[in-house]
Amino acid sequence: MSSENRLNRAYKNAKTIPFDDASKFILFSDCHRGDNSFADEFANNRNIYYHALKFYYSEGFSYCELGDGDELWENIYFESIFEAHKNVFKLLKQFHLEQRLHMIWGNHDMVYKDEAYVKKHLSSYFEPIDDKDKSLFEGIKYHEAIILKHTETQQEVFLTHGHQADWWNYRFWRVGRFLVRILWKPLQVWGIADPTSPARNYTELIKVERRIKKWILKNNLKVTVVGHTHRPRFPEPGDIPLFNDGSCVHPRSITGIEIEKGNISLIKWQINTTDDGTLRVVRILLEGPQKLSDYMDS
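Numbering of the sequence shown is given in this note's numbering, commencing with residue 1 and proceeding in unit increments.
FYI, nobody ran anything at the bench for these hints, they're computed from the structure. Treat the hints with caution; some may be incorrect.
Derived DSSO-like pairs: lysine-lysine, alpha-carbon spacing no greater than 30 Å straight-line [unchecked claim]: (1) K15 with K207; (2) K218 with K149; (3) K120 with K93; (4) K141 with K268; (5) K86 with K141; (6) K113 with K291; (7) K12 with K141; (8) K141 with K93; (9) K12 with K24; (10) K261 with K93; (11) K222 with K132; (12) K268 with K86; (13) K149 with K268; (14) K141 with K15; (15) K54 with K207; (16) K24 with K86; (17) K24 with K291; (18) K134 with K120; (19) K24 with K132; (20) K261 with K120; (21) K134 with K213; (22) K261 with K12; (23) K90 with K268; (24) K12 with K218; (25) K149 with K119; (26) K93 with K207; (27) K86 with K119; (28) K113 with K132; (29) K24 with K213; (30) K113 with K15; (31) K261 with K54; (32) K213 with K12; (33) K24 with K141.
Label pairs and their calculated CB-CB ranges [unchecked claim]: (34) G60 with E4: 35 to 41 Å; (35) N47 with L97: 20 to 26 Å; (36) S2 with I129: 28 to 34 Å; (37) D130 with R280: 32 to 38 Å.
Since the model is a prediction, treat every value here as computed from it, not as a measurement. The beta-carbon is built from N, C-alpha and C at its ideal position, and this holds for glycine as well.
Given these sequences and hints, build the entire structure.
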């Protein structure tokens, strides 16, 4: 199956979420939450991420995670990830309880396409203090893609991870997972990274972006937001509308995409130092806000 067919299938089977100019969405991807070991890249940014998540929760945003939220190639069990970042998952639970949590699976957490696996591992967790199970993401469903559809203009924003355009990481993700666990995770100690990842291989990154752009051109210039490559993208109106929210494992920062008041923006959260030496987590606007309607095919 070609990347075009994989993207077509993801679009056809996508969950549709209606939205309007009063809606608020924050799009993050590629958190790669791990077990807080030396290989857990998310651990370096978890305080930044948690602060940003609290901001979006209090401001009434819905949270869309575009795949690779949990690092289930390096780690065998979700439970070890949950224990390492319990405060993050408890906050995500609050989004879920208010029906503001929308999850997409990527290649590193593709096991979540199995509803039985999700039900078994994510529905509840054991709380040692109370010596009993407590609910977590009860009833949650992961999707390959989500379509945000504007109730007035009918404009669609297609959200998916993007690995559909990466044949190795889509078709042979089990092989990739095996190699990461056995080979690349130990080698990370020496600074040697997995060369099959488009986030670390510029040639593969360009190939993935080119394939997604071709799909967009064949689908009426549909606004598309992906992750996977870890490279933020924010096109100008008139360009091919391929957006990328970046990742949550940049050095000392995380990037994401906000959709609010009918606008789309690329943002970054990082730690800044004030004049008196105080460290603060701050939100920085990188691109936008730009009206989504400016990307409609006329």
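Structure-based check of all given hints:
no. : hint                       : in the structure
1   : K15 with K207              : holds (27 Å)
2   : K218 with K149             : holds (19 Å)
3   : K120 with K93              : holds (16 Å)
4   : K141 with K268             : holds (28 Å)
5   : K86 with K141              : holds (20 Å)
6   : K113 with K291             : violated (33 Å)
7   : K12 with K141              : holds (17 Å)
8   : K141 with K93              : holds (13 Å)
9   : K12 with K24               : holds (24 Å)
10  : K261 with K93              : holds (25 Å)
11  : K222 with K132             : violated (47 Å)
12  : K268 with K86              : holds (23 Å)
13  : K149 with K268             : holds (25 Å)
14  : K141 with K15              : holds (10 Å)
15  : K54 with K207              : violated (36 Å)
16  : K24 with K86               : holds (25 Å)
17  : K24 with K291              : holds (14 Å)
18  : K134 with K120             : holds (13 Å)
19  : K24 with K132              : violated (36 Å)
20  : K261 with K120             : violated (38 Å)
21  : K134 with K213             : violated (44 Å)
22  : K261 with K12              : holds (27 Å)
23  : K90 with K268              : holds (23 Å)
24  : K12 with K218              : holds (15 Å)
25  : K149 with K119             : holds (28 Å)
26  : K93 with K207              : violated (36 Å)
27  : K86 with K119              : holds (18 Å)
28  : K113 with K132             : holds (27 Å)
29  : K24 with K213              : holds (26 Å)
30  : K113 with K15              : holds (13 Å)
31  : K261 with K54              : holds (20 Å)
32  : K213 with K12              : holds (18 Å)
33  : K24 with K141              : holds (21 Å)
34  : G60 with E4: 35 to 41 Å    : holds (37 Å)
35  : N47 with L97: 20 to 26 Å   : holds (23 Å)
36  : S2 with I129: 28 to 34 Å   : violated (51 Å)
37  : D130 with R280: 32 to 38 Å : holds (35 Å)
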